[in-house]
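Visitor: Dock chain L against the given chain A, drawing on the hints supplied.
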Amino acid sequence: MKSELIRISTLCLDLRTYNTFDIFLKTVCKKGYSLTENHEEAKITIIDFDAFEGESKLLEFQNKFPQRTVIILSILEKTYKEKNIHFIKKPLKHEELIKKLHELGEENHRESEKQIEIEKRTPRNTYQASLEANQKNSSSDRPPVSSADLTNAAIILEHEEEHHFVGTQKDIDLSITRNLLRVFYHPEKMFQGAIAHGYTLAKKNETCVEIITFGIGVLIDPKNYKAYTVVSDSVLRPICLLETEDKAVYKRINSSITGSESYTRKSKAGAELVEWDIDVFLWKISLWSSRGRIPKQTDLKSAVYLSHWPNLSRWELVPHALQISALMTKKPIRLSSVASQLDIPQRYVFSFYSACVCMGIAGVSKRQADNLFEDSIGENETETPKKQSLMGKILKRLTGKTIKSGRKQA
Amino acid sequence: MSDLKIVFTGPVGAGKTTAISTISDEAPVSTNESASDMTKKRKSNTTVAMDYGVMKLDGKEKIHLYGTPGQERFNFMWDILTTNGLGLVLLLDNSRSDPVKDMLFFINSFKPFIEKTAVAIGVTQTDRSPSPRLDVYHEALSEAGFSPAVFSVDARNYRDISMLVQSLLFSISPDLGKTG
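From first to last, the protein sequence lines stand for chains A and L.
Okay, so the first sequence: first residue is 1 according to my numbering, each after it adds one.
Okay, so the second sequence: first residue is 1 according to my numbering, each after it adds one.
Incorrect hints may appear among the rest.
[Claimed, not checked] Distance condition first, Cα-Cα at most 35 Å in a straight line; then the derived DSBU-like pairs of lysine-lysine: (1) Lys64/A x Lys81/A; (2) Lys26/A x Lys90/A; (3) Lys386/A x Lys366/A; (4) Lys101/L x Lys223/A; (5) Lys99/A x Lys26/A; (6) Lys56/L x Lys330/A; (7) Lys366/A x Lys101/L; (8) Lys57/A x Lys189/A; (9) Lys56/L x Lys366/A; (10) Lys387/A x Lys62/L; (11) Lys56/L x Lys331/A; (12) Lys116/L x Lys396/A; (13) Lys116/L x Lys387/A; (14) Lys330/A x Lys5/L; (15) Lys301/A x Lys170/A; (16) Lys387/A x Lys101/L; (17) Lys5/L x Lys62/L; (18) Lys83/A x Lys57/A; (19) Lys5/L x Lys386/A.
By construction, these hints were calculated from the structure, which means they are not laboratory data.
Just chain A, same shape as in the assembly:
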């Protein structure tokens, strides 16, 4: 195993226990681990479940860091289905703790290597693989596909990437008020909110705008519908999850983006500006920010509308986005009904809706009539079983998989 220092954060530990852990990790664990007060940089988090509000703090933490490896310490025996949740019974035996930390350390090392492998893969490679699969089913005399087609192709989320966009949150009972805390997020306090606001300013003033937030500069050119930044996806993604009370800085660039400070500074440093279509950029960062949640203040009892379909052939494709779009454009509907009618996890619907809100194509319906009737697909809208079966076969032929796969349990 590579001797990489593993950072550990703690929750609900009193100062004395914290200091004890600090000494323990530095001495007994031979400097392989260190405590940090910053949850963002930690790989493992240890929580004293028996402390005051231990349970609610854990829930809150899991909501913010659903993928984090957590070690729960408690007097009472507990079992968790989630692979990233581990339990050690108190009173703590140091051999047991060392064993657990070593196991998790190795796991973390394997995950890091896997992540590096994933990041090495370019969109071209991903698409190329699917293209090769498609070509097996196609006639040999098709026109060749150019490299431009490869970069234009919609990005189907791979299983391991999926949680970055839709999170891992399980379905919750939305009638229970305390559950709602887990599905809301505050886009206006996040990177997403700053960029969306900057884009609005740029469009309104018909000028390029440079946005500086979370220490990152993003240039928006509204005339050409472009966004520019030097920051890579792997840096942007975690930043999209952070909240801040600090205000973003918006600078008006009078000529073109080449006149901006960021551009000049980065050019001097030899860094390359990455050009994005503004819609693709906004859609992606809103998915990273939402991760299966919806903007705070969304009234879950009200129907929501989708004014038109997103350009799903060019934007990141949330699982079941086609079905969700089709259902939501038919008529305003409650988000919970979308998930139940399509029999899909709520997090897919929430992510999709949040991204559509960011793009300005979805929102809560203001019309009272939309909330008067139960959300259902009327009988006259349902096709005959024969036609339905045939359409299912066409879907299977197009996607190469049975249409029931990936539902609910996905």
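Guide: Coordinates of chain L only, in the frame set by chain A:
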């Protein structure tokens, strides 16, 4: 055996022939001829009768893929082609002088068929000609009382055309899959 079909339509050079060949299981039959008059300015060969392709399904069933001729003087064939049609795929070329006008022309021409079934719209050439943006198409569609899927597509790209046809199917039946 199913006689259902999906109809591909759109102006000259929008990519109907290519789209059908992209998803067809058999080499498509195309009745192309050297183009004359205005058509020649956009495309040296054009479809004067129709394109035909087929997708083979489980249980020896088939879905037929028909492409309408792009030239308006062959409009009389459109009614015949849409009989037993499952839905319409409309392809538009973003580099034409007024693609939104093209869209409204086809939407109005096929209106009775679309109202009974559904339509999905693919806009080609958006990489070379980014304007108009898709928002402009949506605005025009909304005014006309429609809200179909509108995607940027490359007719040569299997995934793009597949997604377009999938959106057509889900537009007809969003909960497709529950009975599958």
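Visitor: State for each hint whether it applies.
Guide: Right, here's what the structure says about each hint:
Our distance criterion of 35 Å between C-alpha atoms is met by lysine 64/A and lysine 81/A, whose separation comes to about 19 Å. Straight-line distance between C-alpha atoms of lysine 26/A and lysine 90/A comes to about 21 Å, which keeps the hinted pair within the 35 Å bound. With a C-alpha separation of about 38 Å, the suggested pair lysine 386/A and lysine 366/A falls outside the 35 Å cut-off, and the hint is violated. Distance check on the hinted pair: lysine 101/L and lysine 223/A sit about 23 Å apart at the alpha-carbon level, within 35 Å; holds.
The straight-line distance between the Cα atoms of lysine 99/A and lysine 26/A is roughly 16 Å, inside the 35 Å bound, and the hint therefore holds. Between lysine 56/L and lysine 330/A the CA atoms are separated by roughly 30 Å; this keeps the pair inside 35 Å, and the hint holds. At roughly 32 Å between alpha-carbon atoms, lysine 366/A and lysine 101/L fall within 35 Å of each other, so this suggested pair holds. Between the alpha carbons of lysine 57/A and lysine 189/A the distance comes to roughly 21 Å, so the proposed pair stays at or under 35 Å and holds.
A threshold of 35 Å between alpha carbons decides the hint, and for lysine 56/L with lysine 366/A the separation of about 46 Å lies outside it, so the pair is violated. At roughly 13 Å between alpha-carbon atoms, lysine 387/A and lysine 62/L fall within 35 Å of each other, so this suggested pair holds. The hinted pair formed by lysine 56/L and lysine 331/A meets the criterion: a straight-line CA distance of about 34 Å does not exceed 35 Å. For the proposed pair lysine 116/L and lysine 396/A, the alpha carbon gap of about 24 Å is at most 35 Å, so the pair holds.
For the given pair, lysine 116/L sits about 14 Å from lysine 387/A by alpha-carbon distance, which is consistent with the 35 Å threshold. Annotation: proposed proximity of lysine 330/A to lysine 5/L holds, straight-line Cα distance about 23 Å (limit 35 Å). At roughly 19 Å between alpha-carbon atoms, lysine 301/A and lysine 170/A fall within 35 Å of each other, so this suggested pair holds. Proposed proximity of lysine 387/A and lysine 101/L is supported: the alpha carbons are some 33 Å apart, at most 35 Å.
For a cut-off of 35 Å, the pair hint linking lysine 5/L to lysine 62/L stands: about 9 Å separates their Cα positions. Taken as a hint, the lysine 83/A and lysine 57/A pair is honoured in the structure, with Cα atoms around 19 Å apart against an allowance of 35 Å. Distance hint between lysine 5/L and lysine 386/A is fulfilled; the C-alpha atoms sit about 14 Å from each other, no more than 35 Å.
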